[in-house]
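Number of protein chains: 4
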Amino acid sequence: MKKAIGHTVWAIAEGYIPPFSTGPAPEFTSHETACILNTSEEDAQVNIWIYFSDRDPIGPYKVTVPAKRTKHVRFNDLKDPEPIPTGTDYSSVIESDRPVVVQHSRLDSRQAENALLSTIAFPVTT
Amino acid sequence: MKKAIGHTVWAIAEGYIPPFSTGPAPEFTSHETACILNTSEEDAQVNIWIYFSDRDPIGPYKVTVPAKRTKHVRFNDLKDPEPIPTGTDYSSVIESDRPVVVQHSRLDSRQAENALLSTIAFPVTT
Amino acid sequence: MKKAIGHTVWAIAEGYIPPFSTGPAPEFTSHETACILNTSEEDAQVNIWIYFSDRDPIGPYKVTVPAKRTKHVRFNDLKDPEPIPTGTDYSSVIESDRPVVVQHSRLDSRQAENALLSTIAFPVTT
Amino acid sequence: MKKAIGHTVWAIAEGYIPPFSTGPAPEFTSHETACILNTSEEDAQVNIWIYFSDRDPIGPYKVTVPAKRTKHVRFNDLKDPEPIPTGTDYSSVIESDRPVVVQHSRLDSRQAENALLSTIAFPVTT
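For the protein sequence lines, the chains are L, A, Z and W, in the order given. Numbering follows the numbering used here, with no gaps: position 39 of the first sequence is 39. Numbering follows the numbering used here, with no gaps: position 46 of the second sequence is 46. Numbering follows the numbering used here, with no gaps: position 101 of the third sequence is 101. Numbering follows the numbering used here, with no gaps: position 70 of the fourth sequence is 70.
Keep in mind that a hint or two might mislead.
Copies of the same chain look alike in the list, so a pair counts if it fits in one copy or across any two.
Here are the simulated DSSO-like pairs of lysine-lysine, each with C-alpha atoms no more than 30 Å apart in a straight line [what the hints assert, rightly or not]:
1) K3 x K79
2) K62 x K79
3) K79 x K68
Derived from the structure by calculation, the hints contain no laboratory data. In this text, all values refer to a predicted model and were calculated from it rather than measured experimentally.
With the sequences and hints as input, model every part of the structure.
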């Protein structure tokens, strides 16, 4: 698989980091993830923008996904330019300088038993 | 991200608001959501139509998603022209005057522990 | 929304009806569903084919989705030409004489607390 | 359905085999699955590549999906060239010599009650 697979822009309309958790960290910490796969031979420079319901978007959060690697980016871990507030509705747009593939997941451990969701992100045709 | 991302028509074939809930409202109220992201520089006027198994569609439910904002629309909260009955199979079609991105989610808290689902909606090529 | 939305062939690669359930029927009976939305002005005649890991496909299961209606078809309820066995891996192909939109869901209630999954089906370009 | 449906390359950006389980094996063993549907009249030879965050991809894992059959491949069961470690982030790329349809699922039974996720994989246009 030499060829780069995917798109350079993706959108995830759902976004919500549950504000609390049950169980040992970090496995059972409530979190949202953007899984980003870079099959190409060169590193991908990725910019993530966060959109809110009541204020201007923030970003870019800068992430490097090395050549032939995957990175499961926890939105909880994004700190610069500012942490993403928990318990808040948001959406994200992911821009890469190389084609990548993006999937969205959430682990919600607010209660004793986990709940999971996942979906392919929306590939934007540019 | 200046360009408007997405499609102007989306469909969600699954729809069901669980008729009861466990846990404190509103976080743990069983609900269905259409997350709508508008990355454009202008407000999006969105019309939502609800399809049923045994009667004519109802709508439009009118929602504005402001420029560069996301709105996570709970189907439970739609009241005009009429509330969507709980415990009832439905589908939805979402029409916007500007391109948007739509994702569908459900939190089912009928039992003590939550269950979640989510998927990208179906982008209609018009 | 006068125009028919969607595709005439869809595929769902995942399929598994959990063989037992917890809680009152039918809401909490473990089930798999193909939600089929027909926005057109005419009834859709739908044929469903079931593929297995170890024997020839069976079908067609015939379903009518009336004009401007949705039908959430439980695979558990398909009986003709034969019931779909529970606890068995399968896939499905859904063919319609008019464009429809298809989404796949499962409620798994084998344990005390439910689990849910859902995804847009794969729209086939014919 | 004589025609082969789908794509010859698919990507799944999310991947994580939960490292432990609750409940009887194999139904309640935590697992990740790639459901692969081959509607064509001839067997599909499938190569699966696994991408990691911190080392080179491994593969190909070779799987045959017979003509007009589905195969629900548990990543847990892939052994050659080497087992996929549990508790580790990965992604996968699935290449087939015939068009197939791929869907991704996970059963997480680390806790007493199961959680499920599923999504259509990303169909690569080659």
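query = For this structure, which hints from the list above don't hold up?
reply = none
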